[in-house]
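K.L.:
Here is how the chains run, residue by residue.
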Amino acid sequence: MNTVATTTPVVTSVAKPTTMRSARGLAYRGIRNIRRLPSAFFPAMAMPVFTMIAFAGTFAAITRLPGFPTDRSVNWFMPLGICFGAAFSGIGLGFSTIRDIETRFYDRLLMSPAPRRSLIIGPLLTAWVRVAILCAFVIPMGILLGVRFTSGLLGLLTLVVAALGVSTISLGWGLGLAFRFRDMRGAAVMQLTMFVVLYLSSAQMPLPLMRGWLHNVARINPTTNILRLSREGLVLPTSPDYMSWSNTWGGLLAIAGMSTLTLVFARRGLNKLDK
Amino acid sequence: MTVATSNIVIETTAHSRQLSMRQTIAMAKRSTIELARQPALIAPSMFFPIFFAVLSASSFSKTTAIPGFPKVESFMQFALASTIVQGVLFGSVTGAAALATDIENGFFDRLLLAPTTRTGILLGRLAGSALFGLFQSAFFLTVLVPFNAPISGGIPGALVMVLSGGIVSLAIGAIMSSVAIRTGSAEAVQGAFPLLFVLLFFSSAFFPRETMSGAYKRIADINPISYLVEGLRALVLEGFTFSAVVRSLLVPTVICAAAILFALKELRRKLAAL
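So the sequences go chain by chain: W and D.
One point on numbering: in full-length UniProt numbering, the residue at position 14 of the first sequence is 14, and numbering is uninterrupted.
One point on numbering: in full-length UniProt numbering, the residue at position 107 of the second sequence is 107, and numbering is uninterrupted.
Just so you know, these hints were derived from the structure itself, not from any lab.
Check each hint, because a few of them may be wrong.
[Said to hold, decoys possible] Computed far set for chain D versus chain W, every beta-carbon distance over 12 Å:
id: 1; residue: E34
id: 2; residue: R37
id: 3; residue: G68
id: 4; residue: I103
id: 5; residue: L113
id: 6; residue: S152
id: 7; residue: P156
id: 8; residue: A158
id: 9; residue: V198
id: 10; residue: S204
id: 11; residue: E210
id: 12; residue: T211
id: 13; residue: E238
id: 14; residue: L267
id: 15; residue: K270
id: 16; residue: A273
[As the list claims (entries may be wrong)] Restricting the straight-line Cα-Cα distance to at most 25 Å, the calculated cross-link-like pairs of lysine to any residue (SDA-like) are:
id: 17; chain 1: D; residue 1: K62; chain 2: W; residue 2: T238
id: 18; chain 1: D; residue 1: K270; chain 2: D; residue 2: S20
id: 19; chain 1: D; residue 1: K270; chain 2: D; residue 2: L134
id: 20; chain 1: D; residue 1: K217; chain 2: W; residue 2: L65
id: 21; chain 1: D; residue 1: K270; chain 2: D; residue 2: T183
id: 22; chain 1: D; residue 1: K71; chain 2: W; residue 2: R180
id: 23; chain 1: D; residue 1: K217; chain 2: D; residue 2: P70
id: 24; chain 1: W; residue 1: K275; chain 2: W; residue 2: L109
id: 25; chain 1: D; residue 1: K62; chain 2: W; residue 2: R211
id: 26; chain 1: D; residue 1: K62; chain 2: W; residue 2: L109
id: 27; chain 1: D; residue 1: K217; chain 2: W; residue 2: L109
id: 28; chain 1: D; residue 1: K217; chain 2: W; residue 2: M141
id: 29; chain 1: D; residue 1: K62; chain 2: W; residue 2: V217
id: 30; chain 1: D; residue 1: K217; chain 2: W; residue 2: F50
id: 31; chain 1: D; residue 1: K29; chain 2: D; residue 2: V162
id: 32; chain 1: D; residue 1: K62; chain 2: W; residue 2: R64
id: 33; chain 1: D; residue 1: K62; chain 2: W; residue 2: L65
id: 34; chain 1: D; residue 1: K29; chain 2: D; residue 2: V145
id: 35; chain 1: D; residue 1: K71; chain 2: D; residue 2: S61
id: 36; chain 1: D; residue 1: K71; chain 2: W; residue 2: W213
id: 37; chain 1: D; residue 1: K62; chain 2: W; residue 2: R219
id: 38; chain 1: D; residue 1: K71; chain 2: D; residue 2: N223
id: 39; chain 1: D; residue 1: K217; chain 2: D; residue 2: S61
id: 40; chain 1: W; residue 1: K275; chain 2: W; residue 2: R180
Predicted, not measured: the structure shown is a model, and the values here were computed from it.
Virtual Cβ for every residue (Gly too), placed ideally from N, Cα, C.
Whole structure, please, built from the sequences with the hints as guidance.
P.N.:
Listed below in structure tokens is the structure:
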């Protein structure tokens with residue numbers, strides 16, 4: 001009787017590994033790694049700043065083209081920089097996962113009773129925190145360089161939503177490749193594919209001002225919708241790309257669709273790794 | 001007797017020069033074969049510049065009408081020179097990283113132990129980079145010229161561009177080799193690459209200086225990469241003129257000479273420290 005009485009509280013005190021609890025643990029680990037291994041996070045911070053400054057300066061004259069949606073090149077290129085940074089935040093976690101697989105830390109995670117879902121949700125939460133840090137750093141810097149939100153806080157919100165969406169997509173893609181390649185060969189594929197997908201869109205020029213093959217590719221590339229979402233609060237109110245539901249839903253749909261696809265890709269990769 | 005001795009000295013010097021040249025050629029051959037055997041290392045420096053050129057040509061095709069933009073047949077014609085410089089920058093870093101790897105894995109020490117010429121170790125490696133730069137330049141021109149990017153300077157202009165590409169490769173290779181010798185770390189060489197990338201972006205490589213304004217224009221005005229690219233661009237847009245040839249060869253040659261001297265100084269410093 002006594003034994004039962006002493007055993008019961010012990011059993012109930014053991015934390016049941018729920019998805020969110022395990023995910024939070026993994027997220028904390030990922031966030032701590034930002035401080036412990038800043039060199040791994042640095043490119044994701046440096047790249048948007050560099051893209052914003054270099055592109056806005058080099059290609060400043062493109063705003064003189066008739067029909068260009070803004071009169072400030074920095075307004076056009078800051079969202080691109082943030083989306084690049086968000087993509088690299090997600091991919092960076094793909095790199096970390098490869099490192100964990102190589103150092104066998106991932107084997108220990110797979111042996112633990114943590115729900116498998118949490119191995120994807122945890123890094124996802126880390127990616128979102130990274131994007132929040134990125135936005136908190138790059139947007140004020142952009143404002144100092146002359147960025148003006150033409151539709152107020154709503155413009156800021158759509159930009160952040162687009163960045164979170166890009167990081168979710170890139171994380172799913174990065175994890176999926178990490179689980180399949182299981183070594184640093186996957187890192188090159190992650191970077192290259194994200195780079196190409198982002199560039200084959202309206203990254204540098206608005207769709208109506210493009211010509212030839214790139215126009216055709218960018219028109220069907222869902223990333224164009226996400227970039228439109230990110231920029232709709234930064235273009236001139238007279239532009240057809242200005243803040244409106246018709247310029248928003250396409251981006252949200254693209255984020256939902258691409259995120260689902262890449263996260264399913266990651267989950268199936270994890271299942272393969274688990275076997 | 002004195003004549004005989006001086007003859008021997010002259011013969012020995014000539015023999016030593018021949019030997020030194022043979023060793024440098026052997027080192028150049030080794031670095032070229034090393035690059036050719038690792039296609040995964042050189043593929044990005046061949047693929048990315050072409051990708052960016054094709055992308056920019058389609059993205060910025062309408063920008064050629066902006067006031068201040070040079071008279072061109074297409075944006076691709078404008079981008080031809082920057083593609084060569086960009087590709088050569090990527091490629092030269094690979095060569096310098098290989099030198100750093102030699103230092104890391106001890107091969108460099110074995111070369112020093114052997115009775116080889118000291119400068120040949122560096123110059124051979126750089127010659128390999130220059131050959132690769134020549135190949136890259138010829139490749140970019142062959143691939144891109146058919147896409148409405150004619151070279152006004154014709155075949156002689158194209159040949160000078162290829163030669164200039166080789167010299168630029170030699171210059172950048174020497175700069176990055178200095179980093180390799182000083183640090184002995186391939187990671188440090190790769191880490192220094194973004195600096196070159198930043199220099200490239202803050203120049204007139206991707207857009208003409210005439211369309212820039214403010215701080216960006218001032219930076220592009222003092223950036224040597226602007227003059228490297230503009231020299232090559234002159235051959236594409238202005239034709240095979242004396243001024244264009246001098247500009248496309250003189251700027252890279254001056255940078256190259258300074259960079260090689262600096263790299264040799266770094267090598268001497270390293271040898272003295274051993």
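K.L.:
Compare the structure with each hint and give your call.
P.N.:
Here is how each hint holds up against the structure:
The non-interface label for E34 of chain D is consistent with chain W: the shortest C-beta to C-beta separation is roughly 20 Å, beyond 12 Å. With a least CB separation of 18 Å from chain W, R37 of chain D remains clear of the 12 Å interface cut-off, as annotated. At the 12 Å boundary, the C-beta of G68 of chain D falls inside the reach of chain W, the nearest C-beta of that chain being 7 Å off. Non-interface call for I103 of chain D relative to chain W: holds, since the shortest CB-CB distance, roughly 22 Å, exceeds 12 Å.
Chain W leaves L113 of chain D outside its interface by the beta-carbon criterion, the shortest separation being 33 Å against a cut-off of 12 Å. Even its closest Cβ contact with chain W, about 23 Å, leaves S152 of chain D beyond 12 Å, as expected for a residue assigned away from the interface. In this structure P156 of chain D is separated from chain W by more than 12 Å, as the shortest Cβ-Cβ distance comes to about 31 Å. Listed as a non-interface residue, A158 of chain D keeps its Cβ farther than 12 Å from every Cβ of chain W; the least gap is roughly 25 Å.
With a cut of 12 Å on Cβ distances, V198 of chain D falls inside the contact zone with chain W, its closest approach being about 7 Å. Not every CB of chain W is more than 12 Å from the CB of S204 of chain D (nearest about 9 Å), against its label as outside the interface. At roughly 9 Å from the closest C-beta of chain W, the C-beta of E210 of chain D falls inside 12 Å, breaking its exclusion from the interface. For T211 of chain D, the requirement that its beta carbon stay farther than 12 Å from each beta carbon of chain W is not met, with the minimum near 4 Å.
Consistency note on E238 of chain D: stated as away from chain W, and its beta-carbon is indeed over 12 Å from all of that chain's, at 22 Å minimum. For L267 of chain D, the requirement that its beta carbon stay farther than 12 Å from each beta carbon of chain W is met, with the minimum near 29 Å. The claim that K270 of chain D lies off the interface holds: its Cβ sits roughly 26 Å from the closest Cβ of chain W, which is beyond the 12 Å cut-off. Remark: the non-interface label on A273 of chain D is consistent with the geometry, its nearest Cβ contact in chain W lying 28 Å away (cut-off 12 Å).
For the hint linking K62 of chain D to T238 of chain W, the alpha-carbon distance of about 21 Å falls within 25 Å, and the restraint holds. Taken as a hint, the K270 of chain D and S20 of chain D pair is honoured in the structure, with Cα atoms around 20 Å apart against an allowance of 25 Å. The hinted pair formed by K270 of chain D and L134 of chain D fails the criterion: a straight-line CA distance of about 30 Å is larger than 25 Å. Under the criterion of a C-alpha separation no larger than 25 Å, the hint pairing K217 of chain D with L65 of chain W is consistent with the structure, at around 19 Å.
Taking the CA atoms of K270 of chain D and T183 of chain D, the gap is about 10 Å. The hint holds against a cut of 25 Å. Taking the CA atoms of K71 of chain D and R180 of chain W, the gap is about 50 Å. The hint is violated against a cut of 25 Å. Under the criterion of a C-alpha separation no larger than 25 Å, the hint pairing K217 of chain D with P70 of chain D is consistent with the structure, at around 16 Å. As the CA atoms of K275 of chain W and L109 of chain W are separated by approximately 14 Å, the hinted pair is consistent with the 25 Å bound.
Of the pairs offered as hints, the one joining K62 of chain D and R211 of chain W holds, with about 8 Å between alpha carbons and a cut-off of 25 Å not exceeded. At roughly 53 Å between alpha-carbon atoms, K62 of chain D and L109 of chain W are farther apart than 25 Å, so this suggested pair is violated. For the proposed pair K217 of chain D and L109 of chain W, the alpha carbon gap of about 53 Å is over 25 Å, so the pair is violated. At most 25 Å may separate the alpha-carbon atoms for a hinted pair to count; K217 of chain D and M141 of chain W meet this at roughly 21 Å.
Pair hint K62 of chain D plus V217 of chain W holds up; C-alpha atoms about 17 Å apart against a cutoff of 25 Å. Between K217 of chain D and F50 of chain W the CA atoms are separated by roughly 17 Å; this keeps the pair inside 25 Å, and the hint holds. In summary, the hint linking K29 of chain D to V162 of chain D is supported, as the alpha carbons are separated by about 20 Å, within the 25 Å threshold. Of the supplied pair hints, the one linking K62 of chain D and R64 of chain W holds, its CA atoms being roughly 11 Å apart against a limit of 25 Å.
The suggested pairing of K62 of chain D with L65 of chain W holds, with an alpha-carbon distance near 8 Å, which does not exceed 25 Å. Restraint check: the Cα-Cα separation between K29 of chain D and V145 of chain D comes to about 30 Å, which exceeds 25 Å; the hinted pair is violated. Annotation: proposed proximity of K71 of chain D to S61 of chain D holds, straight-line Cα distance about 13 Å (limit 25 Å). A distance of roughly 23 Å separates the Cα atoms of K71 of chain D and W213 of chain W; the hinted pair therefore holds under the 25 Å criterion.
The hinted pair formed by K62 of chain D and R219 of chain W meets the criterion: a straight-line CA distance of about 18 Å does not exceed 25 Å. This hinted pair checks out: K71 of chain D and N223 of chain D have alpha carbons roughly 23 Å apart, not beyond 25 Å. Between K217 of chain D and S61 of chain D the alpha-carbon distance is near 22 Å, which keeps this suggested pair within the 25 Å criterion. Straight-line distance between C-alpha atoms of K275 of chain W and R180 of chain W comes to about 12 Å, which keeps the hinted pair within the 25 Å bound.
Checked against the numbered hints given earlier, this structure breaks hints 3, 9, 10, 11, 12, 19, 22, 26, 27 and 34; the rest are met.
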